[in-house]
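Student: Those protein sequences? They're chains L and U, same order as listed.
1 is the number of the first residue of the first sequence in my numbering; add one for each residue after it.
1 is the number of the first residue of the second sequence in my numbering; add one for each residue after it.
The hints are simulated quantities; they were obtained by calculation from the structure and are not laboratory data.
Hints are not guaranteed to be accurate.
[As the list claims (entries may be wrong)] Within a straight-line C-alpha distance of at most 20 Å, the following computed SDA-like cross-link-like pairs (lysine to any residue) qualify:
id	chain 1	residue 1	chain 2	residue 2
1	U	212	L	146
2	U	204	L	410
3	U	204	L	270
4	U	204	L	2
5	U	11	L	412
6	U	212	L	207
7	U	212	L	203
8	U	212	L	284
9	L	285	U	131
10	U	204	L	284
11	U	212	L	199
12	L	404	U	110
13	U	11	L	269
14	U	204	L	195
15	L	285	L	342
16	L	404	U	130
17	U	204	L	203
18	L	404	U	101
19	L	285	U	213
20	U	212	L	195
21	U	26	L	199
22	L	285	U	130
23	L	2	L	269
24	L	110	L	146
25	L	246	L	186
26	U	11	L	40
27	U	204	L	269
28	U	212	L	342
29	U	204	L	207
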Amino acid sequence: MKVLIRNGRVVNPATGRDELADLAVANGRIVTIGSVSPDFQADRDIDARGLVVAPGLVDLAARLREPGHEHEGMLESELNAAAAGGVTSLVCPPDTDPTLDEPGLVDMLKFRARKLSLCRLFPLGALTRGLQGEVLTEMVELTESGCVGFSQAEVPIVNTQVLQRALQYAATYSYTVWLRPQDGSLGGGVAASGSVATRLGLSGVPVIAETIALHTIFELVRATGARVHLCRLSSAAGVELLRRAKAEGLPVTGDVSINSLHLTDVDIGYFNSSMRLNPPLRQQKDREALRAALADGTLDALVSDHTPVDADAKTLPFGEAEPGATGLELLLSMALKWGRESKLSLPETLSRITSKPVQVLGDTLGSLVQSAGQLVEGGVADICLFDPDALWQVKPGVLKSQGKHTPFDFATSGTALPGQVRATLVAGHLAYQAPALA
Amino acid sequence: MLSKRNPQLNKHGELIHLLSIEGLPKAVLTQILDTAGTFLSVNDRDVKKVPLLRGKSVFNLFFENSTRTRTTFEIAAKRLSADVINLDIAKSSTAKGESLVDTIANLSAMHADMFVVRHSESGAPYLIAQHCAPHVHVVNAGDGRHAHPTQGLLDMYTIRHFKKDFSNLTVAIVGDIVHSRVARSDIHALTTLGVPEIRAVGPKTLVPGDLKEMGVRVCHDMAEGIRDADVIIMLRLQNERMSGAMLPSAGEFFKSFGLTDEKLALAKPDAIVMHPGPINRGVEIDSAVADGTHSVILPQVTFGIAVRMAVMSTLAGNEA
């Protein structure tokens, strides 16, 4: 299929390119950016006047709930949500049921995703069997099946010796270990420690739950040389430790979720269970530090932390409600909102959800690393077309994901979000097009 | 983010649910205390009933056991002529796997007019208030560590009864503050009613420093905490906290923070000693103090009935 995208504002975050241009796609690749030869015979001609033509988004944290939690989300609904959100590559954590600790499960997941051809799927394998923190998984085999790294998802390894060995073993093969820094004993609360949790009588997760875990991880990185990606930092103190570790030259990267970037514990209000999230929402100084760290590059990527949760699991008292929020369809808008509030250019803003997460993934992407998250002639045609000026209201009915709960629901936030996706191309295929697309 | 209207108040600022003392205006608190005063005499009459809630059904929903609190609500509702239905939910529907919201929908369909709710999770009464029929009023009878507003109000009634004025008092709350819904409700009520000095007294495991964000002075020394206090509120130390990582033993706690006559001598000569009950003699309070002249623990219980009558009749008179 040949696609011609005319008159769009082509933004390539990796180079800072931001200009009006045409873009031609053939055989799944971008063939021309600039002025397209009149001889180019397009099967599909898209008038992108007023739209931004950007690389497809790369989301480093999205749960698809398959296998095991199909009532909360299925591969098809969630990958449709990804496409509707402009996401063309996503990394999913291994906390499915069963966990992604066997090559066969990973093969099946990759196969099913490929058949849907809505979004590229990059699973993280379980770092330990059943995420139980005891026995290492067959990392080499899992990598051959397509895992791009290894993770404990939300289950911290309590035994530091096991964590040390996991990092040593991963370092042997230069695999990246993805860890959410949270101490296993201090992380049992349901809200961030602070005045809101104290007032509401909710058990707290102190900042030291994050910083103690970070200190341990950094020491182990020094000792083992393993490469670690830190998932969803939540605190100012945590960000500061990452900044210092990077300055020291440790092979570490980090990300932050759209929720922690825009919200604080005050938003819990009167026990709103949509705000029950992992990591918990912290205070304003933490949010400001996370926003600054994403801007200055200390944090490499912004992630949706997409976690579909069904209504029954949210219609519970705050502490009993299942943590998580839908996010794939909000990632672009939350990035744009942050970028505007931080007075960043559009290429700079978009880099946090395109080229920079690709750098985190690095060579695990194979040849894709050359062009995913970018717009380059000869590169893969993973493209997101969006209207940067459109405002939309998040309502359960407009979301394709089976997860309908989000802190940004218009009914509670009262705020419309900027930026609406008009079309998404994955390898040159139209994976999504909005009704409004000309 | 929009902050939603306080779910306890209707658009006229009238109380439709009592979920927490936090966020309630002083006038609302004062009005409940004044109303409680008028009900106190009902309790002294031969026929201890007024017809204010005649024909209304009050459902006591206790997801967590508490015979004492449930009984005081039951007495209060009956003295207002309401029909009272006690449901020990901990042992019935939820044990069969029914969700909280489904239970509420079912009970609403039985034409309940008021739910009195006790639940082990902070915030559960908010969820119930959100999901019950619009004409139903919800009274929080204790949720997790969050709030126990009727206890807070009866404590305020007791203080006002004995001290008349809130504006020049020093109130010390002693013990396991961090896990206490009573302490939270007392702190909000005392703050709203204008008490200038509120102290939270106990070891750092039970009285963490960030409590000062609630507007209290944190004291880790008992003598400093109760010196010149007008009111001392002793909290119950739950059995599960008496030994473990919070405290090494009940005995050691009593030594440092248990209220004895000797320590009480540091407070004002006319200080009153309160306790939400049930008391642990020899753990947080010495028998001599509990039974002594400063103790107002039994009047608290009596006032508690009148205050709960005042709360229920106030709610019944206001429409969502």
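Student: Taking only the CA atoms, is the gap from residue 212 of chain U to residue 342 of chain L under or equal to 20 Å?
Tutor: Distance ~33 Å between residue 212 of chain U and residue 342 of chain L Cα, so the pair is violated.
Student: Does residue 207 of chain L sit within 20 Å of residue 212 of chain U, going by the straight-line distance between their CA atoms?
Tutor: 18 Å, holds
Student: Just to be careful, I want the Cα atoms of residue 204 of chain U and residue 269 of chain L compared with a cutoff of 20 Å; is the pair within it?
Tutor: 28 Å, violated
Student: Keeping to a limit of 20 Å between CA atoms, is the pair of residue 285 of chain L and residue 213 of chain U held or broken?
Tutor: Answer holds: residue 285 of chain L to residue 213 of chain U is near 16 Å, not above 20 Å.
Student: Is residue 204 of chain U within 20 Å of residue 410 of chain L, Cα to Cα?
Tutor: With a Cα-Cα distance of about 42 Å, the restraint between residue 204 of chain U and residue 410 of chain L is violated, given a limit of 20 Å.
Student: Assess, step by step, whether the Cα of residue 204 of chain U is no farther than 20 Å from the Cα of residue 270 of chain L, and give holds or violated.
Tutor: 28 Å, violated
Student: Taking 20 Å as the top limit, are the C-alpha atoms of residue 285 of chain L and residue 342 of chain L close enough?
Tutor: Distance of about 15 Å is within 20 Å: holds.
Student: Hinted pair, alpha-carbon criterion (20 Å max): residue 246 of chain L, residue 186 of chain L. Please report holds or violated.
Tutor: Violated, because 25 Å separates the two Cα atoms, which is more than 20 Å.
Student: Residue 285 of chain L and residue 130 of chain U were given as a pair; does the straight-line alpha-carbon distance stay at or below 20 Å?
Tutor: 32 Å, violated
Student: Can the restraint linking residue 212 of chain U and residue 199 of chain L be considered satisfied, given a maximum Cα separation of 20 Å?
Tutor: The hint holds at about 11 Å.
Student: Check whether the Cα positions of residue 212 of chain U and residue 195 of chain L lie no farther apart than 20 Å.
Tutor: 9 Å, holds
Student: Would you mind confirming whether the straight-line C-alpha gap from residue 204 of chain U to residue 203 of chain L stays at or under 20 Å?
Tutor: 16 Å, holds
Of the numbered hints stated above, those contradicted by the structure are hints 1, 2, 3, 4, 9, 10, 12, 22, 23, 25, 26, 27 and 28, listed in ascending order.
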